[in-house]
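J.: As they're listed, the protein sequences go chains A and B.
According to my numbering, the first sequence is numbered sequentially starting from 56.
According to my numbering, the second sequence is numbered sequentially starting from 56.
Simulated DEER-style distance windows between Cβ atoms:
1) A:E107 - B:G419: 35 to 43 Å
2) A:L163 - B:G419: 55 to 63 Å
3) A:T61 - B:A346: 36 to 44 Å
4) B:R179 - A:P173: 41 to 49 Å
5) B:D360 - A:D351: 37 to 45 Å
6) B:E277 - A:M106: 45 to 53 Å
7) B:D360 - A:G379: 29 to 37 Å
8) A:P352 - B:G81: 17 to 25 Å
9) B:S156 - A:E421: 50 to 58 Å
10) B:R160 - A:G419: 47 to 55 Å
11) B:E127 - A:E63: 57 to 65 Å
12) A:R234 - B:Q342: 35 to 43 Å
Hints listed in this document are in silico derivations from the structure and should not be mistaken for laboratory results.
Since this is a predicted model, take the numbers as computed values, not measurements.
Think of the CB as a built atom: it goes at the ideal place given N, C-alpha and C, for glycine as much as any other residue.
Each chain is listed here by its residues.
2 protein chains.
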Amino acid sequence: MADGFTFEILAEDGAARTGRIRTPHGAVETPAFMPVATYGAVRGLGPEDLMEVGAQILLSNTYHLHERPGEELVSRMGGLHGFTGWRGPWLTDSGGYQVFSLGDRMKLDEEGVTFQSPLDGARRQLTPESALAIQEALGPDIAMVLDECPAVDADEPAARASMERTLRWAERAAAARTRDDQWVFGIVQGGAHAGLRLESARATAALGFDGHAHGGLGLGEEPARRADLVAEVNAVLPKAQPRYLMGLGRPEDIVAAVARGVDLFDCVLPTRHGRHGVLFTHEGLLQAKNAQYKDDPSPPDPQCDCPVCARHSRAYLRHLFQTGERLGGRLASIHNLRFYLRLLEQARLAIREGRFDTWARGTGLELP
Amino acid sequence: MADGFTFEILAEDGAARTGRIRTPHGAVETPAFMPVATYGAVRGLGPEDLMEVGAQILLSNTYHLHERPGEELVSRMGGLHGFTGWRGPWLTDSGGYQVFSLGDRMKLDEEGVTFQSPLDGARRQLTPESALAIQEALGPDIAMVLDECPAVDADEPAARASMERTLRWAERAAAARTRDDQWVFGIVQGGAHAGLRLESARATAALGFDGHAHGGLGLGEEPARRADLVAEVNAVLPKAQPRYLMGLGRPEDIVAAVARGVDLFDCVLPTRHGRHGVLFTHEGLLQAKNAQYKDDPSPPDPQCDCPVCARHSRAYLRHLFQTGERLGGRLASIHNLRFYLRLLEQARLAIREGRFDTWARGTGLELP
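Just need the whole structure built from these sequences, with the hints factored in.
T.: Next up, the structure:
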């Protein structure tokens, strides 16, 4: 256990649990949603905006920050906390997922992953050791190991090979740690094969990480199948450590995973949808550009407590998207983040009060 | 004088003066800078942001709002104040300048200006009466008459013809007013010909408007020449009414015009420069993208009191512009607006304390 960190489970309700992660940069009430700040900034939103909607911890990306501006510079500027002005907790993804998505420009072997930078064409390598070293320089409160993510339809032998390599890489990452003021999470792989994922979870848990993530999900499998895989793996992960479902997802995916004992989430959906004028509401998705809202004086979501719904109408939002005013994307992103963050506030309260299932059914979300 | 409005001069220092415009939506301490919200939104900034940097009054555009979303809709949504969420005072430009810039798609005659909409190709007309009627529907605190703006190099006969038409249009606008809770300003024209501008000012002042604007400047004439024209015209405009220099300009242009008795300003420069990573500072313009700032931990402007300089470094701003994160344009725009608004706060204080010239020289700006 790293210095200055604790994870405390405050209440349980079935498999769902609510707790508190303490970090040197502040506490995170779980289950928690982490807004995505790929390059150290959440699209168009500053630290004040994120505090106002109730964000507790942000997620950034090792690969992207390694490319620009480079971890050495971020480190000299005071790490992610000092460089970006978000002084609360940070988590960094290892960057493997982004590198794998480079396709032809990426080559994978036992040592790590070699790729041609889309920025300057230079050849770069990410290894379990270098991915961790970069994150030690960036200074997030929580770092992730480099993992290999198989295709969702990988057959058993392919998924096994990639899971076993991820394990060997995790061992190397664990051995390479030099900071005792940073948490490192292992990542469970194994594609859609429950047996492989359980094997991965048991072996990863034996490596002494501070928490664990479900990797390689949300890539096309059925939501119900995914919920089962998450539940089975959580049953063998150390109960006393945080569990993180990477890169997911829709509000219904998140509530379903909270029900199965997941503590941390991240997803680009609230800000990506926001940029495109799609708003999460208690009645479902609202397409702000639709003509039906052109003279609608009601707030985007009458049940919402966000600063956008307090001040602005659907008619004004539609106008902003119609005229291409960038204030539209900003307001919709603020609203959407508040939707996600409030959903998890409500989940935490429902768990504490022992009424999680009732609450989850009452959200109106189509739960897998 | 419209109901609910007053203009009070609180102190004078040479030709410079500081005062207070009271409107039904709040007071404006003058001299004042009006951030530009062409479509009812200042690029990426919401009402809270504008209040935080000290904005008092916003400017919007009759032509653009007439095209989208239309004044009828804005009126039903509570006018500009209700529609946009900026509850403080508004001024709308008449839109003539924007229509004239349509070039070939625009035809001018005594009745008004006919143009083909760049949006849907439809033929539309703006007349002195309709420009005012649109503004009465939009509901700003201050409306502007429709004027004809000659080219800056127009010869005397051309500038006279256009100035005289502007006068006839102003008479028609004055006769068309139906709201007694809205100010209307006349516009002085006459190109770069001092005699014509004086004639225009005297005749416009005789029409009983609530204030007057210098139109058709900032289109290429020398700053010193412009300052002279402003001073000469101010000498014949009614002293007890506000004077507005339209669409200008750089900080030095504004300070020079304050020295000559101007009370209101607007310009897109702070937000346009902000979007492109150009920051106003006490040391001059700062190009945020420059490599020299890549590891500069100091705030954009160490003498600045804005929320961006309180929290963020040049290194972070450069990173945001390098990676195309839209937060960069937002932060730079907030900073730049605060630069302009603080400049006018300082000017007001200096005038009250009878040390305007000393202050103006101490700004380091190259004053014409």
